[in-house]
Amino acid sequence: MNGRRTFLKGLFAFLFSGGLIEGMLNILPAGALAREAPDKGKWYGYGVSVDKCIGCGRCMDACKTENDVPREPFFFRTWVERYILRKHGATTVKTIDPAAEAPPEADFDKSILRSFFVPKLCNQCANPPCVQVCPVGATFQTDDGVVLVNVKTCIGCRYCIQACPYGARYLHPVTRTADKCTFCYHRISKGLLPACVEVCPTQARVFGDLNAQASPMSRFQRMNKIHVLKPALNTEPKVYYAGLDGEVR
Amino acid sequence: MVKFPEKIPDSLARLLVVFLALVAAGAFVVLVVIPRPMKDVRLQWADDIKREQAKPVRYAGFHVCVECHGEIYEMKKKGYHRDLSCETCHGPAKAHTEDPDKVKPVIPAQRAFCPLCHAYNPSRPRGFPQINPVVHNPLKACASCHNPHDPKPPTTPKDCSACHGEIARTKAVSHHVMLACTTCHEVPRQHKISPRSVKPSKPQTREFCGKCHAKDARDKMAKDAPRVDLSEHGEKYVCWQCHYPHSPEVEN
Chain H
1 MNGRRTFLKG
11 LFAFLFSGGL
21 IEGMLNILPA
31 GALAREAPDK
41 GKWYGYGVSV
51 DKCIGCGRCM
61 DACKTENDVP
71 REPFFFRTWV
81 ERYILRKHGA
91 TTVKTIDPAA
101 EAPPEADFDK
111 SILRSFFVPK
121 LCNQCANPPC
131 VQVCPVGATF
141 QTDDGVVLVN
151 VKTCIGCRYC
161 IQACPYGARY
171 LHPVTRTADK
181 CTFCYHRISK
191 GLLPACVEVC
201 PTQARVFGDL
211 NAQASPMSRF
221 QRMNKIHVLK
231 PALNTEPKVY
241 YAGLDGEVR
Chain Y
1001 MVKFPEKIPD
1011 SLARLLVVFL
1021 ALVAAGAFVV
1031 LVVIPRPMKD
1041 VRLQWADDIK
1051 REQAKPVRYA
1061 GFHVCVECHG
1071 EIYEMKKKGY
1081 HRDLSCETCH
1091 GPAKAHTEDP
1101 DKVKPVIPAQ
1111 RAFCPLCHAY
1121 NPSRPRGFPQ
1131 INPVVHNPLK
1141 ACASCHNPHD
1151 PKPPTTPKDC
1161 SACHGEIART
1171 KAVSHHVMLA
1181 CTTCHEVPRQ
1191 HKISPRSVKP
1201 SKPQTREFCG
1211 KCHAKDARDK
1221 MAKDAPRVDL
1231 SEHGEKYVCW
1241 QCHYPHSPEV
1251 EN
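Here the protein sequences come in this chain order: H and Y. Read in the working numbering, the first sequence has 61 at position 61, and its numbers run on one by one without any break. Read in the working numbering, the second sequence has 1191 at position 191, and its numbers run on one by one without any break.
Because the hints were derived from the structure by calculation, they are not lab data. C-beta atoms are modelled at their ideal positions from N, C-alpha and C, and glycine is treated no differently. Misleading hints may appear alongside valid ones.
Cβ-Cβ distance ranges computed for the label pairs, FRET-style [as the list claims (entries may be wrong)]:
#, chain 1, residue 1, chain 2, residue 2, range
1, Y, C1181, H, G89, 34 to 40 Å
2, Y, P1108, H, G246, 35 to 41 Å
3, H, R176, Y, D1083, 36 to 42 Å
4, H, V136, Y, P1100, 40 to 46 Å
Sample of chain H residues at the chain Y side, in silico, Cβ under 8 Å [what the hints assert, rightly or not]:
#, residue
5, L28
6, S115
7, K190
8, H227
Work out the full structure, taking the sequences as your base and the hints as a guide.
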């Protein structure tokens, strides 16, 4: 037999057997990576009015209470960043710690142009990079568009933590699995609001069904100029920002 | 015609049997022995969604409290804190709704609590009511002057600040705190009756601000005001096109 035929035979056998093993083990079913808004049923979204946030940190506290997130100030499912924009383009970003007193340094520092708070959380991307990289299919997207982590199968390899462009994931120090915002899935499936939206004193956070004709969320989208974080990555976030400064990443 | 098996050497045939047996055993293990939930992620995911939904709720939600605490709700509804959820200050109260007598939500009476929102922080939106906790009636509990369910500013806003509260509060922490609104704005009487049809005036000349801020200004209030040479500073613009007069930003 000539070499080309052997080669092609081997190649096809290799490809076929690969497909067979993949099909038998069924690691990720078709259409699991990127989803689009379904015609029927819920498709959850989240809105943040940057202008309304007062940086009180009630959301961070409520999230930790509701979801048993460790209290140390470096494990967060949601957090609030304080942006300080200076002259000549220098920008400082720091996650606020409500327990610590924030010095009102901007009073005396004349190089500061503007400063403001930006609440952050998992963007629940419709095209989530974290789902793509999970080697065991432990992180996935539900039919209503929420990205969850299956703690029973997560092996704690941290690949998803690296892959998330928004830094929304952390490794839970007790379970040793990846953990992240779930939009308070246990609450929203009972018709309640996520804990952070519930306690926000200035309505800077809005939650609702994007498929609904009339929901606080669809009104938020209609009435505001909307931005998402890092749109160039095509992750299609479902956390929408109103009044977002161009400096915010 | 040669029989097909005869073409294969005996040793190879035996090896083939072993190989086929291994393949069969492997297929048996994969298809039968390993339970389906271990192979099918969709089953694992459905399982995880159930687990996620079964997690305990700690925050009861804003609509539950009114069932028992109607009086406070009615009071809060009319005040500045109307949009606050009860649990923003009182903490998670699901346990309280299940056993009202045994579990009581917290009442944050300590002085450190209200400043979480109301301490002065330059990153907060302009006009949000803020105080300096160090100098604002030190050691006095917030609730001794302000009712948290119906907080009121120390004086009822009247005149301009009744409508323009955000400007009034911004001006109150600025260098222009001592200036009355009418120092710069002429307010026609009709503005109070029909605010949008008749509007107050704005200073239209550079000389107006110059009364205090020009090199040769002699106004008594302008003793320490920063001075500029009007003929050289900002030629063609009216002052407020660059400076925000309600909170003027200047180098000291």
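Comparing the hints with the structure gives:
1. In this structure the supplied range 34 to 40 Å holds for C1181(Y) paired with G89(H), their Cβ-Cβ distance being about 37 Å.
2. In this structure the supplied range 35 to 41 Å holds for P1108(Y) paired with G246(H), their Cβ-Cβ distance being about 37 Å.
3. R176(H) and D1083(Y) have their C-beta atoms about 40 Å apart, which keeps the hinted 36 to 42 Å range intact.
4. Between V136(H) and P1100(Y) the CB atoms are about 45 Å apart, so this pair conforms to the stated range of 40 to 46 Å.
5. At about 7 Å, the closest approach between the beta carbon of L28(H) and any beta carbon in chain Y falls short of 8 Å, and the interface hint on this residue holds.
6. Hint on S115(H) holds. Least Cβ distance to chain Y is approximately 4 Å, under the 8 Å limit.
7. A cut of 8 Å between beta carbons decides the hint on K190(H): the least distance to chain Y is about 7 Å, and the hint holds.
8. Annotation: H227(H) was flagged as interfacial toward chain Y, and the flag is violated, the nearest CB pair being 18 Å apart, outside 8 Å.
The structure shown violates just one earlier hint, number 8.
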